[in-house]
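Below, each chain spelled out in residue letters.
There are 4 protein chains.
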Amino acid sequence: MAKSKFEYVRDFEADDTCLPNCWIVVRLDGRNFHRFAEQHEFKKPNDDRALHLMTRCAQTVMQELEDIAIAYGQSDEYSFVFKRKSKWFKRRASKFMTHVVSQFASSYVFYWKDYFKDQQLLYPPGFDGRIVLYPSTQNLKDYLSWRQADCHINNLYNTVFWMLVQRSGLTPVQAQDRLQGTLAGDKNEILFSEFNINYNNEPLMYRKGTVLIWQKVNEVTTKKIKLPKETEEQEIEVTRTRTKVVPLHCDIIGDQFWEEYPEILAEDS
Amino acid sequence: MAKSKFEYVRDFEADDTCLPNCWIVVRLDGRNFHRFAEQHEFKKPNDDRALHLMTRCAQTVMQELEDIAIAYGQSDEYSFVFKRKSKWFKRRASKFMTHVVSQFASSYVFYWKDYFKDQQLLYPPGFDGRIVLYPSTQNLKDYLSWRQADCHINNLYNTVFWMLVQRSGLTPVQAQDRLQGTLAGDKNEILFSEFNINYNNEPLMYRKGTVLIWQKVNEVTTKKIKLPKETEEQEIEVTRTRTKVVPLHCDIIGDQFWEEYPEILAEDS
Amino acid sequence: MAKSKFEYVRDFEADDTCLPNCWIVVRLDGRNFHRFAEQHEFKKPNDDRALHLMTRCAQTVMQELEDIAIAYGQSDEYSFVFKRKSKWFKRRASKFMTHVVSQFASSYVFYWKDYFKDQQLLYPPGFDGRIVLYPSTQNLKDYLSWRQADCHINNLYNTVFWMLVQRSGLTPVQAQDRLQGTLAGDKNEILFSEFNINYNNEPLMYRKGTVLIWQKVNEVTTKKIKLPKETEEQEIEVTRTRTKVVPLHCDIIGDQFWEEYPEILAEDS
Amino acid sequence: MAKSKFEYVRDFEADDTCLPNCWIVVRLDGRNFHRFAEQHEFKKPNDDRALHLMTRCAQTVMQELEDIAIAYGQSDEYSFVFKRKSKWFKRRASKFMTHVVSQFASSYVFYWKDYFKDQQLLYPPGFDGRIVLYPSTQNLKDYLSWRQADCHINNLYNTVFWMLVQRSGLTPVQAQDRLQGTLAGDKNEILFSEFNINYNNEPLMYRKGTVLIWQKVNEVTTKKIKLPKETEEQEIEVTRTRTKVVPLHCDIIGDQFWEEYPEILAEDS
Chain A
1 MAKSKFEYVR DFEADDTCLP NCWIVVRLDG RNFHRFAEQH EFKKPNDDRA LHLMTRCAQT
61 VMQELEDIAI AYGQSDEYSF VFKRKSKWFK RRASKFMTHV VSQFASSYVF YWKDYFKDQQ
121 LLYPPGFDGR IVLYPSTQNL KDYLSWRQAD CHINNLYNTV FWMLVQRSGL TPVQAQDRLQ
181 GTLAGDKNEI LFSEFNINYN NEPLMYRKGT VLIWQKVNEV TTKKIKLPKE TEEQEIEVTR
241 TRTKVVPLHC DIIGDQFWEE YPEILAEDS
Chain B
1 MAKSKFEYVR DFEADDTCLP NCWIVVRLDG RNFHRFAEQH EFKKPNDDRA LHLMTRCAQT
61 VMQELEDIAI AYGQSDEYSF VFKRKSKWFK RRASKFMTHV VSQFASSYVF YWKDYFKDQQ
121 LLYPPGFDGR IVLYPSTQNL KDYLSWRQAD CHINNLYNTV FWMLVQRSGL TPVQAQDRLQ
181 GTLAGDKNEI LFSEFNINYN NEPLMYRKGT VLIWQKVNEV TTKKIKLPKE TEEQEIEVTR
241 TRTKVVPLHC DIIGDQFWEE YPEILAEDS
Chain C
1 MAKSKFEYVR DFEADDTCLP NCWIVVRLDG RNFHRFAEQH EFKKPNDDRA LHLMTRCAQT
61 VMQELEDIAI AYGQSDEYSF VFKRKSKWFK RRASKFMTHV VSQFASSYVF YWKDYFKDQQ
121 LLYPPGFDGR IVLYPSTQNL KDYLSWRQAD CHINNLYNTV FWMLVQRSGL TPVQAQDRLQ
181 GTLAGDKNEI LFSEFNINYN NEPLMYRKGT VLIWQKVNEV TTKKIKLPKE TEEQEIEVTR
241 TRTKVVPLHC DIIGDQFWEE YPEILAEDS
Chain D
1 MAKSKFEYVR DFEADDTCLP NCWIVVRLDG RNFHRFAEQH EFKKPNDDRA LHLMTRCAQT
61 VMQELEDIAI AYGQSDEYSF VFKRKSKWFK RRASKFMTHV VSQFASSYVF YWKDYFKDQQ
121 LLYPPGFDGR IVLYPSTQNL KDYLSWRQAD CHINNLYNTV FWMLVQRSGL TPVQAQDRLQ
181 GTLAGDKNEI LFSEFNINYN NEPLMYRKGT VLIWQKVNEV TTKKIKLPKE TEEQEIEVTR
241 TRTKVVPLHC DIIGDQFWEE YPEILAEDS
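If you're matching them up, the sequences are chains A, B, C and D in order. Here the first sequence is numbered in UniProt numbering, starting from 1 and rising by one per residue. Here the second sequence is numbered in UniProt numbering, starting from 1 and rising by one per residue. Here the third sequence is numbered in UniProt numbering, starting from 1 and rising by one per residue. Here the fourth sequence is numbered in UniProt numbering, starting from 1 and rising by one per residue.
Among the hints, erroneous ones may be present.
Because identical chains share one entry, a pair is satisfied inside a single copy or across any pair of copies.
Restricting the straight-line Cα-Cα distance to at most 20 Å, the calculated cross-link-like pairs of lysine-lysine (PhoX-like) are [what the hints assert, rightly or not]:
no.	residue 1	residue 2
1	Lys-85	Lys-43
2	Lys-208	Lys-229
3	Lys-141	Lys-85
4	Lys-43	Lys-90
5	Lys-3	Lys-187
6	Lys-216	Lys-44
7	Lys-113	Lys-229
8	Lys-5	Lys-208
9	Lys-44	Lys-226
10	Lys-95	Lys-216
11	Lys-208	Lys-187
The hints are simulated quantities; they were obtained by calculation from the structure and are not laboratory data. Treat the numbers as computed from the prediction; the structure is a model and nothing was measured.
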């Protein structure tokens with residue numbers, strides 16, 4: 001049972017180091033989440049419980065793994081951006097991908113009950129992941145813009161589609177036919193004229209998705225301390241600065257977001 | 001918000017198609033499972049609950065994903081072998097890796113309570129995965145032999161180590177020193193002379209790990225059927241042939257296993 | 001001018017090791033050889049000088065580089081097969097590709113005048129190369145069969161095409177139209193009925209291309225030696241066994257060739 | 001001889017597309033040029049004929065291939081930088097590498113006699129190539145600085161080494177021992193005090209290597225033209241602007257060069 005006789009098989013492992021000085025993006029998607037959403041009775045077009053659970057899992061990924069600068073999520077997908085100078089696991093692509101999706105997947109089951117109180121999880125879901133490198137910061141911003149534009153387009157469509165189905169009683173096929181070939185303006189008009197909905201008043205989380213960034217927050221806690229020369233314990237407020245993962249629902253396509261948070265993509269990050 | 005303006009970022013995705021006609025192995029390992037085992041009070045050197053849970057997850061992976069011919073697990077790792085002719089997801093490496101680890105990770109949390117009845121899961125665990133290609137069937141067998149030889153070496157060491165600690169009261173450092181430089185024969189001798197343990201009588205699951213293969217099984221169920229010309233329903237036994245994932249704890253280094261199950265690595269599989 | 005300050009740029013070199021235990025094929029093609037052939041007045045459809053020069057270059061590649069088991073050439077392309085166990089340059093793909101094409105290209109100019117006596121080389125030609133891995137010997141044989149079948153198809157077409165142009169006075173466009181949609185049998189029939197040519201009697205080099213293999217040959221040389229007890233030098237024939245690269249023009253699609261030369265693709269080669 | 005039966009082997013070709021928006025560098029080195037230089041009696045430490053021939057080949061590469069922004073050469077190596085937006089051959093790495101080295105190698109033999117008039121080329125030389133991607137312009141500049149610093153270090157060493165051998169009559173081993181552990185200042189001092197050589201007065205081509213860039217040049221030619229209303233032909237000077245590859249021997253480590261030629265690495269190039 002000499003192990004050494006077989007050890008040559010290790011030489012078949014290929015090197016998958018990511019090119020240095022590139023932003024590394026890992027994006028994951030729920031596997032067969034159309035079916036999963038139906039079986040777990042997700043509310044259409046958006047289920048707050050599902051969206052918040054996704055974000056909870058993404059926060060866990062950012063906290064447990066290293067060097068994630070920002071994350072962006074919508075629907076059943078989340079993208080994680082690793083710092084361009086990251087040397088985590090020697091930048092091996094397989095490490096980045098598998099750590100992200102496995103941590104996300106286990107968290108999804110672990111935190112399920114915190115969000116779906118009355119809905120039992122019927123089976124363990126799968127996620128699919130991929131890795132992409134972006135050489136310039138502009139490329140990376142364009143990637144994030146692509147995902148947010150995708151969120152907007154899908155959400156506008158889904159909002160009208162489900163109104164037509166849920167309120168006007170159209171069948172899914174009828175609703176699809178009705179929307180065939182319509183532009184954004186047409187869809188906004190249908191929402192407004194038929195359902196009295198101003199799309200711009202829909203929740204930001206639905207329209208913009210969720211951005212996760214690191215922020216310093218002051219945590220104020222109360223401690224009981226016995227000061228010298230005092231006989232009684234006293235309650236004292238203690239302020240501690242911690243770095244937390246904070247969700248935002250804002251536009252990241254324009255320049256304003258990046259001007260407000262220049263440290264996220266700072267060259268030396 | 002024209003999505004098309006940003007779509008160029010898709011061109012940065014690299015092709016990661018696996019070379020055709022090679023066996024594809026995905027191996028996963030628990031992340032920081034040393035700490036995880038301590039915090040969840042795993043029994044040393046082997047915790048049956050943990051080993052059975054690992055196997056339950058691996059079975060789920062084999063059933064949910066496609067084209068897995070065989071799997072082998074020991075300790076906190078599992079290897080999955082995809083058929084050399086598999087065209088699942090166009091043989092994209094990232095798909096194989098992320099589907100395996102995410103399905104495994106979500107299953108780990110999902111099935112936890114079935115195995116750890118009195119031990120609550122404290123946090124969602126992570127797993128790390130890699131992919132390796134083997135051009136010949138001999139290479140693949142040698143890979144599996146390598147993992148099983150590794151199981152043997154580690155388990156023999158751990159069995160003696162924990163005997164020295166648990167029964168003889170040595171500290172971990174003392175036990176380590178005692179075993180420094182010993183050969184397999186020496187360890188067997190310590191087990192036998194000091195603890196009256198014949199290593200070969202230790203459970204096969206500990207010494208050989210777990211092999212998962214597909215097997216046809218006959219399932220007999222009882223159905224109530226009303227036959228024509230009869231007035232009453234009758235109970236009838238119905239035999240159905242199903243393909244199930246079956247765990248074995250046997251040697252896969254020698255030829256016997258492969259001669260017994262030639263279909264597993266059949267050329268046209 | 002500290003070199004060390006810049007040395008970090010070496011980390012950007014990606015590993016391109018070829019998977020072990022695979023046959024490594026490097027195929028090269030002449031760059032813009034249609035134009036090159038016209039400008040150097042290659043005879044159509046086959047120019048013996050050009051074909052022999054290609055083979056001379058390929059022989060040089062096999063002799064100068066290591067671990068090439070067999071080569072196959074036709075028209076302006078040549079394929080080189082490296083042994084599956086080769087460890088030359090640690091199996092780095094870039095090394096295999098660039099050594100092959102650069103040695104071939106420099107040889108092409110170097111040996112030009114030996115084949116094109118009356119035709120001066122007008123400019124230095126370029127070659128394009130690629131590398132492909134084949135996990136099984138059957139895959140490799142199929143690769144070589146693919147190239148030889150390609151040779152047959154192209155040569156049959158070109159033979160008829162140029163007969164129609166050179167003997168029947170058709171324009172290239174007319175000849176192309178005439179051959180549009182014809183099968184192999186049709187082309188054979190045109191050659192036979194219109195030009196009294198039996199395609200099977202055409203030179204093997206044109207129909208089969210060129211296979212280069214290593215062969216032991218006995219070289220007989222004459223040496224002048226003064227034997228003991230003799231006063232005069234005597235001429236003596238000395239036979240030396242050498243390994244040479246030998247060109248063949250035979251079928252490599254059927255089994256016969258591989259049965260005759262089993263050592264070429266022997267498992268331990 | 002159905003080709004289609006074998007065409008499946010094409011699927012084994014791996015995609016080797018270079019990541020978009022990165023500078024692509026192909027560097028080539030002479031294979032066994034130490035031996036090659038000896039056999040062709042290159043002058044030591046620098047042979048002008050050999051250096052000029054290298055540059056002639058590099059110019060040919062830049063003219064024949066597409067999208068090369070700048071090249072840098074020293075000793076028996078040359079680096080070619082392709083534009084970061086280049087889409088030549090879909091950015092396939094094998095295409096870039098093999099076209100560069102094959103064009104260079106054939107040019108080396110083709111132009112040999114223009115530089116080595118009295119020295120016959122004894123055999124066709126080989127070259128080895130590699131490809132590296134640089135995501136940022138700073139990375140690329142650092143790459144070129146690395147090569148030029150390497151040129152400086154080697155040339156200073158070689159200049160002293162060959163003085164010690166050629167003028168002081170040391171054996172190569174003695175010269176090597178003498179230089180062991182010396183710093184740049186020490187070597188400059190030996191050159192000055194023992195050989196009355198100020199290293200800074202050595203030819204720039206030796207000390208800085210050769211930079212090849214594209215430059216617009218005005219070419220004045222004389223044409224004979226018969227103007228209307230004139231009976232005689234007249235000689236007229238015609239000025240044409242052409243883009244040529246021009247060799248420079250200057251510092252490219254500092255900022256000055258890049259400030260002088262901002263168009264070379266312009267973002268939209």
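A quick look at each hint next to the structure:
{"no.": "1", "hint": "Lys-85 / Lys-43", "result": "neither (41 Å within a copy, 41 Å between copies)"}
{"no.": "2", "hint": "Lys-208 / Lys-229", "result": "neither (56 Å within a copy, 66 Å between copies)"}
{"no.": "3", "hint": "Lys-141 / Lys-85", "result": "both (17 Å within a copy, 18 Å between copies)"}
{"no.": "4", "hint": "Lys-43 / Lys-90", "result": "neither (42 Å within a copy, 33 Å between copies)"}
{"no.": "5", "hint": "Lys-3 / Lys-187", "result": "between (65 Å within a copy, 17 Å between copies)"}
{"no.": "6", "hint": "Lys-216 / Lys-44", "result": "neither (35 Å within a copy, 41 Å between copies)"}
{"no.": "7", "hint": "Lys-113 / Lys-229", "result": "neither (49 Å within a copy, 52 Å between copies)"}
{"no.": "8", "hint": "Lys-5 / Lys-208", "result": "between (56 Å within a copy, 18 Å between copies)"}
{"no.": "9", "hint": "Lys-44 / Lys-226", "result": "neither (55 Å within a copy, 44 Å between copies)"}
{"no.": "10", "hint": "Lys-95 / Lys-216", "result": "neither (28 Å within a copy, 36 Å between copies)"}
{"no.": "11", "hint": "Lys-208 / Lys-187", "result": "within (17 Å within a copy, 62 Å between copies)"}
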